[in-house]
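Asker: Residue strings, one per chain:
There are 2 protein chains.
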Amino acid sequence: MNETISLLKRHRSIRKYKDKPLSKEMVEQIISAGQAASSSSNVQAFSVIAVTDTERKRVLSELAGNQAYIRECPVFLVWCADLHRLKYTAEKHRPDQQSYEDVTENFIIATVDTALAAQNAAVAAESLGLGIVYIGGVRNKIAEVSELLGLPDLVYPVFGMCLGYPDQEPGLRPRLPVSAVLHWDGYDAGKTAEQVGIYDETMIRYLRERTGGQKDTAWSELMAEKMTQPLRLHMREFLQKKGFELK
Amino acid sequence: MNETISLLKRHRSIRKYKDKPLSKEMVEQIISAGQAASSSSNVQAFSVIAVTDTERKRVLSELAGNQAYIRECPVFLVWCADLHRLKYTAEKHRPDQQSYEDVTENFIIATVDTALAAQNAAVAAESLGLGIVYIGGVRNKIAEVSELLGLPDLVYPVFGMCLGYPDQEPGLRPRLPVSAVLHWDGYDAGKTAEQVGIYDETMIRYLRERTGGQKDTAWSELMAEKMTQPLRLHMREFLQKKGFELK
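Protein chains in written order, with the working numbering: chain A, 14 to 260; chain H, 14 to 260.
Just so you know, the hints here were simulated from the structure itself, not pulled from any lab data. Don't take every hint at face value.
One copy or any two copies: either way a pair holds, since identical chains are not told apart in the list.
Within a straight-line C-alpha distance of at most 27 Å, the following computed DSS-like cross-link-like pairs (lysine-lysine) qualify [claimed, not checked]:
(1) Lys260 with Lys154
(2) Lys154 with Lys70
(3) Lys105 with Lys204
(4) Lys37 with Lys204
(5) Lys70 with Lys204
(6) Lys33 with Lys204
(7) Lys29 with Lys154
(8) Lys239 with Lys154
(9) Lys204 with Lys254
(10) Lys254 with Lys70
(11) Lys204 with Lys22
(12) Lys33 with Lys228
Based on the sequences and whatever the hints tell you, model everything.
Answerer: This is how it looks when you write it as structure tokens:
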């Protein structure tokens, strides 16, 4: 295993940060590494809001589920899928033509572009000794988050990301067996039950060890609970209001 | 700049591969590094189909826009957003309850999970001296691709990825200025025109140098052309047929 793969495999989400600021240059270096990721036909359909203002971080923390680490990290990045910039190019050069920012395909392109850049930035940050955690909670009150950050139409916050110097060393959580997610030449749905069963046992052991026997819920039970909870049912309506019609 | 950031910033899409196979172990190592990426509440909502079969690669190449490199790379990965596995857990443990695989939020979660894992895998592959290129073209004939690979309901191919030993050294394409994509504390739509203008000049210079003056179209013109072309308008209907209602 080389150093980069070792870095990738050491990833843990960090939820406690030292009270130590990051330089603007360091943030720019991290975002620039993010930009080096692949982008569909070079559309680069994302923007990042780096939030350092204390009051703004406090409000975002409340909107995203009251997580203290959003307040406490020195920089909170809000990663946004951005078709606004592309709409601008269409209006500039082809003002009389229809453009297609509102179709599902372009929503996927922008969302994927954002995620690829964010993951590159996460790896860059960790290589500099920083820690990160993705925050899906920015989608809890997504309209309020968008208003606070002044996001125009055709821009939506896909996720947040805390950034800072780690003040904890959490353990590594096991993942599904490789063979659960990797199929050769075609999807083998027949192995789902067995692979999930193997992972359930792994996770039960892991949780028991970690909590001194207090917790031992199988992964599949946690997932079943999660999938039967209505989660952020406002997303479609919000996206439509912002111009992502998902046509 | 450390070694990892230098690796990230050296990324170029590779479209010509040596005729040299990859070991199964190497592919597993790369996917395993992909799994180490963050996942929303540990749902791990993705699967990868590693296609090595010559005939299958040939058909995929045709379906995805006749790109020779899909045939010629030793391994073609199809990265799929996968809520099938999670639906299984809900049916197993809570068969009488409604589950929410069909909402927009879970579509976003699965798509993002897939992209984060894929980008980690791309970085791992490049750290091993391999090259990659993302293939959005798997969404051209997405129903045929899904059928060929036997993808069940609630699984869709987000993108493909060629994997192999590079047989070319393409130049680095400049990206938008960092300040075009990075905003501090709030979105500054007022800078779009200026930043796009700066990038247009960079790209015109870059294209002229690369093509000996043959090409010099501004990025914003290329994007305007792209945004005014209808692209993969079948996506929504296809996704709905596969159970992603985007409700």
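Asker: Indicate, hint by hint, whether the structure satisfies it.
Answerer: Right, here's what the structure says about each hint:
Taking the shortest alpha-carbon separations for Lys260 and Lys154, both the intra-copy value of 24 Å and the inter-copy value of 18 Å come in at or below 27 Å. Taking CA atoms no more than 27 Å apart as the test, Lys154 paired with Lys70 passes inside one copy only; the shortest distance there is 14 Å, against 44 Å between copies. Proximity of Lys105 and Lys204 under a CA criterion of 27 Å is satisfied inter-copy only: 15 Å between copies versus 52 Å inside one chain copy. Proximity of Lys37 to Lys204 under the C-alpha cut-off of 27 Å is restricted to the inter-copy arrangement: shortest distance 19 Å between copies versus 48 Å within a copy.
Taking the shortest alpha-carbon separations for Lys70 and Lys204, only the inter-copy value of 23 Å comes in at or below 27 Å, while the best intra-copy value is 44 Å. In this homomeric assembly, Lys33 and Lys204 never come within 27 Å of each other (Cα to Cα): the closest approach is 47 Å inside a single copy and 30 Å across copies. For the homomeric pair Lys29 and Lys154, the shortest alpha-carbon distance inside one copy (23 Å) is at most 27 Å, but the shortest distance between copies (46 Å) is not. Proximity of Lys239 to Lys154 under the C-alpha cut-off of 27 Å is restricted to the intra-copy arrangement: shortest distance 19 Å within a copy versus 32 Å between copies.
Proximity of Lys204 and Lys254 under a CA criterion of 27 Å is satisfied inter-copy only: 24 Å between copies versus 41 Å inside one chain copy. Taking the shortest Cα distances, Lys254 and Lys70 sit within 27 Å of each other inside one copy (25 Å), while across copies they are farther apart (41 Å). For a Cα distance limit of 27 Å, the shortest separation of Lys204 from Lys22 inside one copy, 25 Å, qualifies, whereas the shortest one across copies, 38 Å, does not. When the C-alpha separation of Lys33 and Lys228 is checked against a cutoff of 27 Å, the pair qualifies neither within a copy, at 34 Å, nor between copies, at 48 Å.
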